[in-house]
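Q: Residue numbers (this note's numbering), protein chains in the order written: chain A, 1 to 66; chain R, 1 to 66.
Do not take every clue at face value.
Treat identical chains as interchangeable: a pair holds within one or across any two.
[Unchecked claim] Straight-line alpha carbon distances no greater than 25 angstroms define the calculated DMTMM-like cross-link-like pairs of lysine to aspartate or glutamate that follow:
no.	residue 1	residue 2
1	Lys57	Glu46
2	Lys21	Glu51
3	Lys21	Glu58
4	Lys57	Glu37
5	Lys6	Glu24
No lab work stands behind these hints: they were computed from the structure. Bear in mind that the values here come from a model prediction, so they are computed numbers and not experimental data.
Number of protein chains: 2
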Amino acid sequence: MQTTIKVNGMSCGHCVAAVTKALENVPGVETAQVSLENGEAVVTGEANSDELVRAVKEEGYEAQLQ
Amino acid sequence: MQTTIKVNGMSCGHCVAAVTKALENVPGVETAQVSLENGEAVVTGEANSDELVRAVKEEGYEAQLQ
């Protein structure tokens, strides 16, 4: 399963790293690919999509399912 | 002794944290106050100013003594 999340507010590689780590820590996530240029994260695995969105928001970014 | 370094390229709080940590790790540094808004770092202690500039550059930012 692949989930794409729109992420607003990332400004640099540190932000990408923080969002990636937050997503990887959500139970069920296999991979998380975060793009600064596209402002989105593509996650694979069986994670709950609401939990993915919440994890990104808790890092301080706007997030919504795409 | 207080040294002020102009830092260009910081975009978010993660950048501020990275620059602060890099400066605090330079021998002789007592305190490092980094401002995102002003694009500068104010360092106290007896650190070598060239080493301070180098530490910031190694984090990926433009830096010069002010």
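Q: Could you run down the list of hints and mark each one as holding or not?
A: Hint check results:
For a Cα distance limit of 25 angstroms, the shortest separation of Lys57 from Glu46 inside one copy, 19 angstroms, qualifies, whereas the shortest one across copies, 41 angstroms, does not. Taking CA atoms no more than 25 angstroms apart as the test, Lys21 paired with Glu51 passes inside one copy only; the shortest distance there is 14 angstroms, against 31 angstroms between copies. Within a single copy, Lys21 and Glu58 get their C-alpha atoms as close as 12 angstroms, and across copies as close as 23 angstroms, so both meet the 25 angstroms cut-off. For the identical chains of this complex, Lys57 and Glu37 are neighbours both inside a copy (19 angstroms) and across copies (24 angstroms), given an alpha-carbon limit of 25 angstroms.
In this homomeric assembly, Lys6 and Glu24 come within 25 angstroms of each other (Cα to Cα) only inside a single copy, at 16 angstroms, whereas the closest approach across copies is 35 angstroms.
Going through the hint list in order, the structure satisfies each hint without exception.
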